[in-house]
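Novice: These protein sequence lines are chains A and B, in that order. Anchor point for the first sequence: position 68 equals 68 in UniProt numbering, and the numbering is continuous, going up by one each time. Anchor point for the second sequence: position 143 equals 143 in UniProt numbering, and the numbering is continuous, going up by one each time.
It should be emphasised that the hints constitute simulated quantities derived from the structure, not laboratory data. Since the structure is predicted, the reported quantities are computational estimates derived from the model, not experimental observations. Treat each hint with caution, since some may be false.
[Stated by the list, open to error] So the derived label-pair ranges between C-beta atoms look like this: (1) Met286/B - Gln87/A: 44 to 54 angstroms; (2) Asp62/A - Val293/B: 47 to 57 angstroms; (3) Arg136/A - Arg18/B: 29 to 39 angstroms; (4) Gly274/B - Met76/A: 21 to 31 angstroms; (5) Asp70/A - Leu321/B: 23 to 33 angstroms; (6) Gly18/A - Ala290/B: 55 to 65 angstroms; (7) Ser74/A - Leu344/B: 50 to 60 angstroms; (8) Val16/A - Leu321/B: 22 to 32 angstroms; (9) Leu5/B - Gln179/A: 40 to 50 angstroms; (10) Gly18/A - Glu305/B: 27 to 37 angstroms; (11) Leu5/B - Ser74/A: 49 to 59 angstroms.
Ideal placement from N, C-alpha and C gives every residue a C-beta, glycine not left out.
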Amino acid sequence: MSNSIIRVEALHKSYVNGSNSLHVLKGIDMDIQKGEMVSIMGSSGSGKSTLLNILGILDNYDAGSYHLDDIHISKMNETKAAKYRNQYIGFVFQSFNLISFKNAMENVALPLYYQKVSRKKRNNLALEYLERMGLREWAHHLPSELSGGQKQRIAIARALISKPKIILADEPTGALDSQTSLEVMEILKEVNQTGIAIIIVTHENDIANQTQRIIRLRDGVIESNQVNHAFHLESVEVN
Amino acid sequence: MFDYLEEILSTLKKNKLRAVMTGFSVAWGIFMLIILLGSGRGLQNGMEFNFKDIAKNAIQIWPGRTSENFEGLGKGRRVQFTNEDYDLMKRELRGIDDISGRLYLWSDVAITYGNEYANYRVTCVMPEFINIRLMNVLKGRFINQMDIQENRKVIVLSQSIVDMLFKEVEPIGEYVKVGGIYFQVVGVLENPTDKNAKDAILPLSTGQRVFNGANRLSNLAMTTTSTTVEANKQIEEEIRGFLAKRHRFSTSDDEALYVWNTLEDFKRAQGVFGGIRMFVWIIGIMTIIAGIVGVSNIMIILVKERTKEIGIRKAIGASPLSVVMLVLSESLFITAVAGLVGMLLGMGILHIASTVLTSMAETNDTVRYVFFNPSASFGVAISATILLVVAGLLAGFIPARKAAGIKPIEALHDE
């Protein structure tokens, strides 16, 4: 039993478009420990979104291997993939991706709907998570009535409600102003403290600097993978 | 289950107008189907009403004149039925249930009670006659076997004649003069299809004796023991052969006998209505197909609009099956609800029409022969419901497949 939540070895992925083949990931190796908070950086076209899609079992890979919590994730049918996503992974997106006609509580409760949790139970649980996000009184508001920061907090609550092993955040602060970004990062850090690993894809150094480790991608290969000393310094200060 | 419904309803609520418009075509299809089927039923009821005063498997035979030379006998001979025909047929032919000879008096006869009198057609029959020409006995009784055996001078009258002659007096037990001879009234009748029918009925034996009928019969009426047209035709042929032999005419001589086979007519009329019904179903199904295409179209657009939502659902754990079910049940819900509305509206209108027609029939009896009690039966409602479910599933099929094929990554990046 290893201590890694995500283990990727020699991962390759290309997109075939007609006769053109675009080799996006060219042998990625990485290992993310349980409870770690890691950021993946890279310019657009570096393959970071593709990597995140594969880690989120939203996409297949061509070669190499991917273990999620020691389970080998290979080509699988959609039903199985959906089940793994539901059980192991929480998603946080740049554009929040809340369902517009469902109120905050219903949005948060949705993953549990697919776990066949009864309506009453999942709504109560959703209220609990909203409480943790400080949004209890907004439970019955539609996303359109909420600010960007509030929406992202709801999205985080939704990602957490199924008690995932890992949260994949794709530019979680990309659509937020710097103050709100800070708040959201604080929440993510708090989540991380509870033992859930977090991977943040970002191109902002400010955000990356708040994580324990920074993985930089360039042209489909890992350029650097280093412990973020700033984070440890910060931790030391806190301690 | 409720949870599931809530999930469907939440999206429909989002766009009520569209849901209503989508459902309309389906509702219209079912509405038309119900109205048309109900109308067909109404016409059929009208037709069947015409048969209400006669047993469904009745055969009536009138003698005619021969039109072919046969065994050295010239054509143009009159065929005359007698009691002997009756006796022999009753004894020798199988497949006959009730049989009655019938004698009409030479012309309308004056029936007199006190100072009132009027001319009526008088018919002399056997007791079994009431099982062949169906009549309601309102008071007293019909002719019975004792009347026949003892040549009793009794008479059974239609209510309309009683109204005319007796006014306020209770008719049973009273004596009326028929062509100058007293008969005691023993029963009052009503024709189920025509309340104004005027029948005066005597025991056959009495009629033959009193009115110089000797042993002659005007015609023969009977019911058969079978309920199929084929068997009835078979019996009819046997009777024709039997009478042809006795009265010495060719079995192919169509003018020597006139046979009215009720079952054959009834079944033929029913066949026509069966055809109409099938036609209506075809029209109805076609209309509903148009509705299905409409629903399917809208659902495809809906799925396209909801690409992102479906992508989100998939990302957070919706299996393809649950997405398929989501779309399928939505289309099923639209068609089912719309269809039910259409069905209830159709049945409501039929009910109103039926009520109006019933009240019309009270003053004008002819309505009943044409169009009466148009209604869609329970069976129709069930079939229509099944049709709707199938329609809903069909309508949702293509959109559901499209929805299941949505890739979450593409959907999520589709801003």
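Novice: Work down the list of hints and note, for each, if the structure agrees.
Specialist: Quick rundown of the hints versus the structure:
1. Met286/B - Gln87/A: 44 to 54 angstroms: Given about 49 angstroms between the Cβ atoms, the range holds.
2. Asp62/A - Val293/B: 47 to 57 angstroms: Violated, since Asp62/A and Val293/B (Cβ atoms, about 42 angstroms apart) do not stay within the stated range.
3. Arg136/A - Arg18/B: 29 to 39 angstroms: Given a distance of about 34 angstroms, which is inside 29 to 39 angstroms, the answer is holds.
4. Gly274/B - Met76/A: 21 to 31 angstroms: Violated: the Cβ-Cβ distance is about 56 angstroms, outside 21 to 31 angstroms.
5. Asp70/A - Leu321/B: 23 to 33 angstroms: Because 27 angstroms falls inside the window, the suggested range holds.
6. Gly18/A - Ala290/B: 55 to 65 angstroms: The hinted range 55 to 65 angstroms is violated for Gly18/A and Ala290/B, with Cβ atoms some 40 angstroms apart.
7. Ser74/A - Leu344/B: 50 to 60 angstroms: holds, 54 angstroms
8. Val16/A - Leu321/B: 22 to 32 angstroms: holds, 28 angstroms
9. Leu5/B - Gln179/A: 40 to 50 angstroms: holds, 42 angstroms
10. Gly18/A - Glu305/B: 27 to 37 angstroms: The hinted range 27 to 37 angstroms holds for Gly18/A and Glu305/B, with Cβ atoms some 29 angstroms apart.
11. Leu5/B - Ser74/A: 49 to 59 angstroms: violated, 38 angstroms
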